[in-house]
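**Q** Chains A, B, C and D, in that order, are what the protein sequence lines are. Per the working numbering, the first sequence runs over residues 3 to 248. Per the working numbering, the second sequence runs over residues 3 to 248. Per the working numbering, the third sequence runs over residues 3 to 248. Per the working numbering, the fourth sequence runs over residues 3 to 248.
Which copy? The list can't say, so a pair holds if one copy fits it or any two copies do.
No farther apart than 25 Å at their CA atoms in a straight line, the calculated lysine to any residue pairs in the SDA-like style are these: (1) LYS110 with ASP84; (2) LYS110 with VAL87; (3) LYS243 with PHE150; (4) LYS110 with ASN236; (5) LYS110 with LEU53.
Treat the hints as calculated values from the structure; they're not laboratory data. In this text the structure is predicted, and so the values were computed from the model without any measurement.
Each chain, letter by letter, is given below.
Protein chains: 4
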Amino acid sequence: MAPLRIVVWNEFVHERQNPAVAAVYPEGIHAAIAAGLRDLLPAAAVETATLEEPEHGLGAARLAGTEVLIWWGHRAHAAVADAVVERVQRRVLEGMGLIVLHSGHYAKIFQRLLGTTCSLTWREAGERERLWVCNPGHPIARGIDRCFELPHEEMYGEPFAVPPPEEQVFISWFEGGEVFRSGCCWRRGNGKIFYFRPGHETYPTYFDPNVRRVIANAVEWAQPQGQWRDECPNVRNPREKIGTPA
Amino acid sequence: MAPLRIVVWNEFVHERQNPAVAAVYPEGIHAAIAAGLRDLLPAAAVETATLEEPEHGLGAARLAGTEVLIWWGHRAHAAVADAVVERVQRRVLEGMGLIVLHSGHYAKIFQRLLGTTCSLTWREAGERERLWVCNPGHPIARGIDRCFELPHEEMYGEPFAVPPPEEQVFISWFEGGEVFRSGCCWRRGNGKIFYFRPGHETYPTYFDPNVRRVIANAVEWAQPQGQWRDECPNVRNPREKIGTPA
Amino acid sequence: MAPLRIVVWNEFVHERQNPAVAAVYPEGIHAAIAAGLRDLLPAAAVETATLEEPEHGLGAARLAGTEVLIWWGHRAHAAVADAVVERVQRRVLEGMGLIVLHSGHYAKIFQRLLGTTCSLTWREAGERERLWVCNPGHPIARGIDRCFELPHEEMYGEPFAVPPPEEQVFISWFEGGEVFRSGCCWRRGNGKIFYFRPGHETYPTYFDPNVRRVIANAVEWAQPQGQWRDECPNVRNPREKIGTPA
Amino acid sequence: MAPLRIVVWNEFVHERQNPAVAAVYPEGIHAAIAAGLRDLLPAAAVETATLEEPEHGLGAARLAGTEVLIWWGHRAHAAVADAVVERVQRRVLEGMGLIVLHSGHYAKIFQRLLGTTCSLTWREAGERERLWVCNPGHPIARGIDRCFELPHEEMYGEPFAVPPPEEQVFISWFEGGEVFRSGCCWRRGNGKIFYFRPGHETYPTYFDPNVRRVIANAVEWAQPQGQWRDECPNVRNPREKIGTPA
Numbered sequence: 003m004a005p006l007r008i009v010v011w012n013e014f015v016h017e018r019q020n021p022a023v024a025a026v027y028p029e030g031i032h033a034a035i036a037a038g039l040r041d042l043l044p045a046a047a048v049e050t051a052t053l054e055e056p057e058h059g060l061g062a063a064r065l066a067g068t069e070v071l072i073w074w075g076h077r078a079h080a081a082v083a084d085a086v087v088e089r090v091q092r093r094v095l096e097g098m099g100l101i102v103l104h105s106g107h108y109a110k111i112f113q114r115l116l117g118t119t120c121s122l123t124w125r126e127a128g129e130r131e132r133l134w135v136c137n138p139g140h141p142i143a144r145g146i147d148r149c150f151e152l153p154h155e156e157m158y159g160e161p162f163a164v165p166p167p168e169e170q171v172f173i174s175w176f177e178g179g180e181v182f183r184s185g186c187c188w189r190r191g192n193g194k195i196f197y198f199r200p201g202h203e204t205y206p207t208y209f210d211p212n213v214r215r216v217i218a219n220a221v222e223w224a225q226p227q228g229q230w231r232d233e234c235p236n237v238r239n240p241r242e243k244i245g246t247p248a
Numbered sequence: 003m004a005p006l007r008i009v010v011w012n013e014f015v016h017e018r019q020n021p022a023v024a025a026v027y028p029e030g031i032h033a034a035i036a037a038g039l040r041d042l043l044p045a046a047a048v049e050t051a052t053l054e055e056p057e058h059g060l061g062a063a064r065l066a067g068t069e070v071l072i073w074w075g076h077r078a079h080a081a082v083a084d085a086v087v088e089r090v091q092r093r094v095l096e097g098m099g100l101i102v103l104h105s106g107h108y109a110k111i112f113q114r115l116l117g118t119t120c121s122l123t124w125r126e127a128g129e130r131e132r133l134w135v136c137n138p139g140h141p142i143a144r145g146i147d148r149c150f151e152l153p154h155e156e157m158y159g160e161p162f163a164v165p166p167p168e169e170q171v172f173i174s175w176f177e178g179g180e181v182f183r184s185g186c187c188w189r190r191g192n193g194k195i196f197y198f199r200p201g202h203e204t205y206p207t208y209f210d211p212n213v214r215r216v217i218a219n220a221v222e223w224a225q226p227q228g229q230w231r232d233e234c235p236n237v238r239n240p241r242e243k244i245g246t247p248a
Numbered sequence: 003m004a005p006l007r008i009v010v011w012n013e014f015v016h017e018r019q020n021p022a023v024a025a026v027y028p029e030g031i032h033a034a035i036a037a038g039l040r041d042l043l044p045a046a047a048v049e050t051a052t053l054e055e056p057e058h059g060l061g062a063a064r065l066a067g068t069e070v071l072i073w074w075g076h077r078a079h080a081a082v083a084d085a086v087v088e089r090v091q092r093r094v095l096e097g098m099g100l101i102v103l104h105s106g107h108y109a110k111i112f113q114r115l116l117g118t119t120c121s122l123t124w125r126e127a128g129e130r131e132r133l134w135v136c137n138p139g140h141p142i143a144r145g146i147d148r149c150f151e152l153p154h155e156e157m158y159g160e161p162f163a164v165p166p167p168e169e170q171v172f173i174s175w176f177e178g179g180e181v182f183r184s185g186c187c188w189r190r191g192n193g194k195i196f197y198f199r200p201g202h203e204t205y206p207t208y209f210d211p212n213v214r215r216v217i218a219n220a221v222e223w224a225q226p227q228g229q230w231r232d233e234c235p236n237v238r239n240p241r242e243k244i245g246t247p248a
Numbered sequence: 003m004a005p006l007r008i009v010v011w012n013e014f015v016h017e018r019q020n021p022a023v024a025a026v027y028p029e030g031i032h033a034a035i036a037a038g039l040r041d042l043l044p045a046a047a048v049e050t051a052t053l054e055e056p057e058h059g060l061g062a063a064r065l066a067g068t069e070v071l072i073w074w075g076h077r078a079h080a081a082v083a084d085a086v087v088e089r090v091q092r093r094v095l096e097g098m099g100l101i102v103l104h105s106g107h108y109a110k111i112f113q114r115l116l117g118t119t120c121s122l123t124w125r126e127a128g129e130r131e132r133l134w135v136c137n138p139g140h141p142i143a144r145g146i147d148r149c150f151e152l153p154h155e156e157m158y159g160e161p162f163a164v165p166p167p168e169e170q171v172f173i174s175w176f177e178g179g180e181v182f183r184s185g186c187c188w189r190r191g192n193g194k195i196f197y198f199r200p201g202h203e204t205y206p207t208y209f210d211p212n213v214r215r216v217i218a219n220a221v222e223w224a225q226p227q228g229q230w231r232d233e234c235p236n237v238r239n240p241r242e243k244i245g246t247p248a
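Work out the full structure: start from the sequences and follow the hints.
**A** This is the structure in structure tokens:
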């Protein structure tokens, strides 16, 4: 079986502007996520891409060969070229899986696919987050206990301005008193989309074993399953005779 | 316009067995809920019914004239006659709204309509519950701020074994560390169903203004909107001629 | 009660380029749709807007006062300014209802809100279409019999590349052998969206009493119900104390 | 890898009462379906069960080892013991896949899981049915062209009184003028449910290569993916300290 082809995309901005972030992710958030995937999915082919590369590292040929794309962005959402966003959207509709992480809720590609603003409330206070499994039989929750904790995270709170998730895998409890739909599934065309909340740049969240397990599970869940037909043909020849009186 | 006809059903068992409950709800939980509805929906016709009445107060004629039914049960789920459950289910499919409260998650009628066990985790420790609005534009959240609190409630935790809600109106945060999908909407046939979590019998939850507002909003949301056609006719005469070669 | 404020938008291109279309809709498709609405919803305030007007007749002030927008486009989808599309999208998320008709399946605004291409198959052969009611209790089907027929229409066939509809109101049968999900509901933010298939420019579909009834029903169904909160506030002050050991 | 364990259940009544049915299915409908599965899924373990066997062939031990159950019933729905229906429901919630065929729309187990009557309209006129693929990327449509035809089938028409399908795979066109949602997906608990319309007992539908392909695809799609936790534990020890002032 051919290896599953995964690309981890990161804007890679905070890590080079903020020493506190560089201390946590010296090689970038993408490198930490990719390391987790290589560890848990040794048969997969895991690559990374960043904003500064030509076409943000998401040229047509590369995307055509990508089966699951992971997206981390925050500061530089506006710097992502619309042409690249449209290309990624087309690939999702064709069947490429998309995992959107944390502040990626405001990425152009996520808003484009969901059709809403994806806004939320937030607080940066390094508080405790506990993610509860709402659907213990879901493939994305495989190997996760009833809940797991992150000792320090940014808070995201409801309302999360997204269409109703088709499947709710996780909901977060925050020490400061809020809740959030932290693991949500949607389909668009032939593509599966998973939003996963944790991952503020100042905390070592992407080294956490549960977070790594969820991302690896989500990659397996999101891989393409069939071939989408998405065209607008004029089917001139009817299958039944037209013109018979009813 | 004819008044909206509402029936508040309560098993009315705890209140007569447990003095602590009787102290909170001397006339029964149903009386407190009905009082809230009469206050907020003065044009509605609000009645009550209890387990001990003939046919549990839900005879065929009465149900036929009921537009929204509210359900509170706990101890005596098994004592509800299957024939009454089937009658209620038929009325929901025809269009009667159904509001299921708190421990009603295990009521036969709720399980029948959803098809699952509706299990959850729980703890009785009188802890603080904060209900967050996930969908501020939803009619059931009208007049509710970003969140509201109940100082002492029983805890219900995820996983809540229900089909994915079609609309998520509230999610609860609990002081002890859990979360729960506290306000969920489904449709079955022509009927709308709303599950609303709060309301343990030992706390004065049904006197809380926010809880009363949510129940009144839910009643208005759940009222019948059309006429269901639910039959299995043999339509002998086709609208098109059969037997023409394709 | 203030009148419901409706705007019927039409690109108004075919009617001025094609005499056959002008013969059917001498004042434009928008005028025919508006006449139907004025007849069935006499208390509503019905206006029209077209592509050639400044800002396509959808300036900020006008949109802010519009509660339901109806959209017919075909030839000139690309000519609709992106800024106007974004403004309409924002208003839908705030709560404005949107009814997208026929070839509007390829309108930018519809693709933006659904996140997919909305492609389909088609044939122009003037064939018979029969629209079946899938959900007889739905408000949009009120007053419609089990099905209704249009003697001559363009055919649209599956697959219709949209996210799974939240409610399926109509499915069409075509004389030439195809089927199509002709009446579909979605929500985005606080806004309700209804796609309704019939209405090719060369047939008098928008004079048909059943089509007019469905559009009027859809307008009533889609009117705003609440107030959306869609912002991204930093909630600095937590409701619970942070820093307590678990 | 252990073989996938499939049980094909058939009431097996028509075949022994009606010579016309026996001529088409001399060994029973279950035998024809099982033969198709053995051919397309040679690694699977395919067994059959019928109404007349003790516990209808669905004893606790056997069900516990079944991963996907296929259900064909018509005449004898009422003869299926409620205890067996409850046992099957529990297994579905645990994760067993369930494929309900044709007249099984009125089976107790299907109504129990969906919560509605599942009624529809029908006509027995041996007419042509054409099943269109609505979701070409869905695993259940794998290997199926844009549509396929059955030359003679019983007609089922809308409205189909079921909750909104989570995924729509097929919609049928009928020669006599009706349409029907012929391939529908739902989840209940950890179990996946697929309803597939074709298969009237007087036609050789279960020998049709496309029908066999769809059933085999559905079996693969419906196989269990995880482990459901469905219990109602009292979690006495909170994860956070209770009693702190907010």
